[in-house]
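Chemist: For reference, the chains in residue letters:
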Amino acid sequence: MLIIGEKLSIIAKRVREAMMRRDKGPIQEIAKAQFEKGAGMIDANIGPAEGAEDLMAWMVTTIQEVVPAPVCLDTTNYEALEQGLKVHNNEWGRPLINSTSNDPERFPILELTAKYNCDVIALTVGKGGLPADAEERTNIAVELMGRAAEYGIPMEHIYLDPLVLQAATTQDQALKVVQTIKMFQELNDPPMKTVVGLSNISNGCPKHIRHILNEHFLTLLIYEGLTAAIADPAEIITTVKTVDILMNKTLYAHSYLEM
Amino acid sequence: MAFTPPKEVNTGKVYSVTMGTGEKAVTIGGENVLPFHGFEGVVPNRPAIAFDVLDIAPVDWPDSVREIYAGVSDDPVKWAKYCVETLNAKAIALRLSGTHPDNGNRSAAEAADTVKRVLDAINVPLIILGSNHVEKDTDVLVKAAEVAKGRNCIIGKAQEANYKTIAAAAMAHDHLLIAMSELDINLSKQLNIMITQLGFNKEKIIIDPMCSALGYGLEYTYTVMERIRLAALTQNDVTMQQPIVGDVGMYVWKIKEVSASEDILPEWGALKERGIAWEAQTASALVMSGAELLIMRHPEAAAAVDAFINELM
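Order-wise, the sequence lines are chains A and B. Counting in the numbering used here, the first sequence runs from 1 upward without gaps. Counting in the numbering used here, the second sequence runs from 1 upward without gaps.
Calculated directly from the structure, the hints in this document are not laboratory data. No residue lacks a Cβ here, since even glycine has one placed at the ideal position from N, Cα and C. Check each hint, because a few of them may be wrong.
Label pairs and their computed distance ranges (CB to CB) [said to hold, decoys possible]:
| # | chain 1 | residue 1 | chain 2 | residue 2 | range |
| --- | --- | --- | --- | --- | --- |
| 1 | A | Asn-248 | B | Glu-8 | 38 to 44 Å |
| 2 | B | Ser-16 | A | Asn-117 | 30 to 36 Å |
| 3 | A | His-254 | B | Ala-303 | 56 to 62 Å |
| 4 | A | Pro-26 | B | Ala-25 | 27 to 33 Å |
| 5 | B | Pro-101 | A | His-254 | 26 to 32 Å |
| 6 | B | Ala-25 | A | Leu-187 | 51 to 57 Å |
| 7 | A | Ile-11 | B | Leu-312 | 19 to 25 Å |
| 8 | B | Glu-160 | A | Ala-168 | 28 to 34 Å |
| 9 | B | Glu-160 | A | Gly-152 | 22 to 28 Å |
With a straight-line cut-off of 30 Å between C-alpha atoms, the simulated DSBU-like cross-links for lysine-lysine are [what the hints assert, rightly or not]:
| # | chain 1 | residue 1 | chain 2 | residue 2 |
| --- | --- | --- | --- | --- |
| 10 | A | Lys-241 | B | Lys-7 |
| 11 | A | Lys-86 | A | Lys-176 |
| 12 | B | Lys-7 | A | Lys-182 |
| 13 | A | Lys-37 | B | Lys-7 |
Which residues of chain B face chain A? A few of them, derived with a C-beta cut under 7 Å, are [said to hold, decoys possible]:
| # | residue |
| --- | --- |
| 14 | Asn-186 |
| 15 | Lys-189 |
| 16 | Ile-193 |
| 17 | Asp-237 |
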């Protein structure tokens, strides 16, 4: 399973300050640490970045100077996205845009996806609020896939995101998301790719139980075939490796966690 | 519509490993497909056969293989030269059997001298094997690795109980290393991990999952080798992508089927052909399952396997 490192987010104070000052040091340190822990892609969440349209390009370059991996460009700012895509080094894989959805305001993202031949996260929410169950998420996914096809985007460039909700407030949604992962894959052959923002599940929970919720939830999702998770690699890597052993995807050795 | 055979495309690849130096260096591995599946990917190198040479005259080899080396087996230098010059061996495996405490207990210094003299006499790659005595091998192979510096030899065999010393010696003197475990794929992987954690380059390891002769557990060896290849290729497991060695001759030429005479067991057929066939069959099975390097004894068996490989390449 692909881990998309979540730590470079404008929500974190240290990252935000480094972004504002264009200080490469902390950004590169965090990017490298995530890569070494097992991230195959680094998320760069710069927020709406109004008036800072050059920020994503700076982030992409800064990250790829030290990490041989593609970047997940996480912003709603069209102009910033395009600047970031222009400088992205595709040698280690296609960039991933985070994200489009069934909200018409997010449709232009598909234009960029097609134009730069990159991957895109399609969040299965519309303008009308949060999806109620697996069926509603799947219906939205079908609409999104149809629209993407109109733009000429290959299905294997799309990561469907069922939108993980908080266990603390909407407990019944956790299992619905797990079911959705299975249903999404059945929408296409080869199966559609899927992604989650994992830590949403434990949002609002006490810090000491967050990682427990995250890891166990992830186990269920991987079992159903999850392709990628936006998460903290240091937190989930033992879960990912262990599930790989239990699902017979890697060969067991006593030191499997060290590999 | 014409039928298009499906192709298995793998994510992983076996490391390509070169042993020896100069014109006579031999490269094995490098394929990204199951053995001989050249129609699905690349198989850049053929499996290699090394001839088994002992540091002391063999006493327990059956006559049908011992008599071939009768004129040279009193001297490992002559023996090795005979294999290279007369039998056209592409590599030599010098087995320092005489260092075993129960088999002469020759010193590490004597063994090192033998290694040196053999290396001076041949230009093909050399595999230097201990006597498979866990403690003694650490002395013997450390000295042997030292005198063989610069020749890019294969040193073996490192096992769980002695790998640290032997791997350190191989690393210090720029040799390749055989990592041997006993018919257990998980322990084979574990040993490779532990050796690389010492700082040893994982691309300089040769896996020995332990051989066995036809009729004596060959199916275990076959399965373990096959599973190692599948992990390397389909799971892209970087700890299992080393070439595999099959130490065939040693296991074949000690079983009753290669020494029981036809007078006693006429239904088993002629003894000479039987022994050759037994070694060739065992070795052929192992190249089919994933071995890239074979250590063999009978030149006719080696020639038969070589022809078999030619057919499959």
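Chemist: Check each numbered hint from earlier against the structure, then list the numbers of those it violates in ascending order.
Modeler: 1, 3, 4, 7, 8, 9, 11, 13
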